[in-house]
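Enquirer: So the sequence shown is residues 258 to 632, counted in my numbering.
Worth double-checking, as some hints may not be accurate.
Said to hold, decoys possible - Listed below are the simulated DSS-like cross-link pairs for lysine-lysine, each with C-alpha atoms no more than 27 Å apart in a straight line: (1) K619 with K552; (2) K352 with K447; (3) K526 with K471; (4) K352 with K471; (5) K619 with K471; (6) K526 with K552; (7) K471 with K610; (8) K610 with K447; (9) K447 with K603; (10) K526 with K447; (11) K558 with K610; (12) K610 with K519; (13) K552 with K489; (14) K619 with K447; (15) K558 with K603; (16) K603 with K552; (17) K619 with K519; (18) K619 with K489; (19) K471 with K447; (20) K471 with K552; (21) K519 with K603; (22) K526 with K610; (23) K619 with K603; (24) K519 with K558; (25) K489 with K519; (26) K519 with K352; (27) K526 with K558; (28) K352 with K489; (29) K603 with K471; (30) K519 with K471; (31) K489 with K471.
These are computed hints drawn from the structure, not numbers from a lab.
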Amino acid sequence: YELAVERHGLPAHDLIFDPLTFTICTGSEEDRRHGIHTLEAIERLRERFPECQILLGLSNISFGLRPAARHVLNSVFLHHAMERGLTAAIIHVSKILPLHRIPEEQRAAAEDLIFDRRRPGHDPLLAFVELFRDVEETAAASERPRTVEEALRQRIIDGDRQGLEADLERALERYSPLQIINEILLEGMKVVGELFGSGQMQLPFVLQSAETMKAAVAYLEPFMEKVEGQEKGTIVLATVKGDVHDIGKNLVDIILTNNGYKVINLGIKQPIQNILAAAREHRADAVGMSGLLVKSTVIMKENLEEMRRQGVALPVLLGGAALTRRYVEQDCRAAYGHPDLVHYAKDAFEGLKLMDRIMAAKAANDDGTDRADSA
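Given only the sequences and the hints, what does the whole structure look like? Please build it.
Expert: The following block contains the structure:
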């Protein structure tokens, strides 16, 4: 750190530490606590160098075990490493399981092995090996729920697209497309968010769930009844600079478009200059900014500060997994200087309600002063 950052000026966030890990599965006394030592090293590195990155070649921890046992041990060890501050891992993603899909007995046995919880008459390594003696697969295929509602929710949680369209066809016999999205699919995504927030689901699995959600919405879109007639209003949507996640934003696009709004979807990684240019070009009635990452919430606040400096007074909708209503209604509103114009959209349907409210207020004023060309 002293050499790279203090002497040669490397940005601290570009420096990566690899504390290494070694197998805990040899049975040798000197190998038993390798997992503990690695976790302690991660913790100390995070405390001493909070801006730096921490990388680990994860699968070394389970070297010597059968594949099924390795998958579980690696997954549980990854969870504990991330809790202590690990920011990157060299892993085979298909061989990592989200914590909620690992049976409790297997998870507990893995933790006993990682933390060397030996006691008289109990050796965690022998117990773990015995537990997986006849296990050939990492996880047995769980029985698909019987009702179509449960099946679709579980598909979103598991990121399982095989047979998705058939389940959606069944659901369409009973529900409208918007009901399926709002009452079934979004409930599954809510569980995904909770699992991710509690550390039981890693980001690759969140993205699998998001892609399944995206596929489901794409399938349902042609069945949606689009509101005909004059467009109700125009909104510019964008994922903010530095963020590549757009599942939620695209769902907002679909819902608003199918309810009579003109949506200018700029895509991902959009700087505020692009967003404002599009708002002016299309004479937008509102701007919507989204992002999944925690740092995106900071970018949103900075964007609002820049809009304030430029004298923009457009309604703004903010959405994303890392946002909270309190942050939007306190910090973001203060940054913009127009507290009544900053809104928290917790989901796509809240975004629709907010746009309806914004356009109703505009119609009541009937002077068009909120449009982007007046900024």
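Enquirer: Now look at each hint and say whether the structure bears it out.
Expert: So, going through the hints one by one against the coordinates:
With a CA separation close to 32 Å, the supplied pair K619 and K552 exceeds the 27 Å bound. A hinted pair counts as satisfied when its Cα atoms are at most 27 Å apart, and K352 with K447 qualifies at roughly 25 Å. A distance of roughly 19 Å separates the Cα atoms of K526 and K471; the hinted pair therefore holds under the 27 Å criterion. In summary, the hint linking K352 to K471 is supported, as the alpha carbons are separated by about 24 Å, within the 27 Å threshold.
Taken as a hint, the K619 and K471 pair is broken in the structure, with Cα atoms around 32 Å apart against an allowance of 27 Å. A distance of roughly 12 Å separates the Cα atoms of K526 and K552; the hinted pair therefore holds under the 27 Å criterion. This hinted pair checks out: K471 and K610 have alpha carbons roughly 22 Å apart, not beyond 27 Å. Simply put, K610 and K447 have alpha-carbon atoms about 19 Å apart, close enough for the 27 Å limit, and the pair holds.
Annotation: proposed proximity of K447 to K603 holds, straight-line Cα distance about 11 Å (limit 27 Å). For the given pair, K526 sits about 24 Å from K447 by alpha-carbon distance, which is consistent with the 27 Å threshold. A hinted pair counts as satisfied when its Cα atoms are at most 27 Å apart, and K558 with K610 qualifies at roughly 23 Å. At roughly 15 Å between alpha-carbon atoms, K610 and K519 fall within 27 Å of each other, so this suggested pair holds.
Taken as a hint, the K552 and K489 pair is broken in the structure, with Cα atoms around 33 Å apart against an allowance of 27 Å. Distance restraint check for K619 and K447: the Cα-Cα separation of roughly 32 Å exceeds the 27 Å cut-off, and the hinted pair is therefore not satisfied. Using a Cα cut-off of 27 Å, the hinted pair K558 and K603 holds, with the two alpha carbons roughly 17 Å apart. A distance of roughly 18 Å separates the Cα atoms of K603 and K552; the hinted pair therefore holds under the 27 Å criterion.
Taken as a hint, the K619 and K519 pair is honoured in the structure, with Cα atoms around 16 Å apart against an allowance of 27 Å. For the suggested pair K619 and K489, the alpha carbons sit about 11 Å apart, so the restraint of at most 27 Å is met. Distance check on the hinted pair: K471 and K447 sit about 15 Å apart at the alpha-carbon level, within 27 Å; holds. Between K471 and K552 the CA atoms are separated by roughly 24 Å; this keeps the pair inside 27 Å, and the hint holds.
The suggested pairing of K519 with K603 holds, with an alpha-carbon distance near 21 Å, which does not exceed 27 Å. For the hint linking K526 to K610, the alpha-carbon distance of about 26 Å falls within 27 Å, and the restraint holds. Taking the CA atoms of K619 and K603, the gap is near 22 Å; set against the 27 Å cutoff, the hint holds. Between K519 and K558 the alpha-carbon distance is near 25 Å, which keeps this suggested pair within the 27 Å criterion.
At roughly 8 Å between alpha-carbon atoms, K489 and K519 fall within 27 Å of each other, so this suggested pair holds. Of the pairs offered as hints, the one joining K519 and K352 is violated, with about 43 Å between alpha carbons and a cut-off of 27 Å exceeded. For the hint pairing K526 with K558, the CA-to-CA distance comes to about 15 Å; that is within 27 Å, so the pair holds. With a CA separation close to 48 Å, the supplied pair K352 and K489 exceeds the 27 Å bound.
Of the pairs offered as hints, the one joining K603 and K471 holds, with about 18 Å between alpha carbons and a cut-off of 27 Å not exceeded. Between K519 and K471 the CA atoms are separated by roughly 20 Å; this keeps the pair inside 27 Å, and the hint holds. Only pairs whose Cα atoms come within 27 Å are accepted, and K489 paired with K471 is accepted, the gap being roughly 25 Å.
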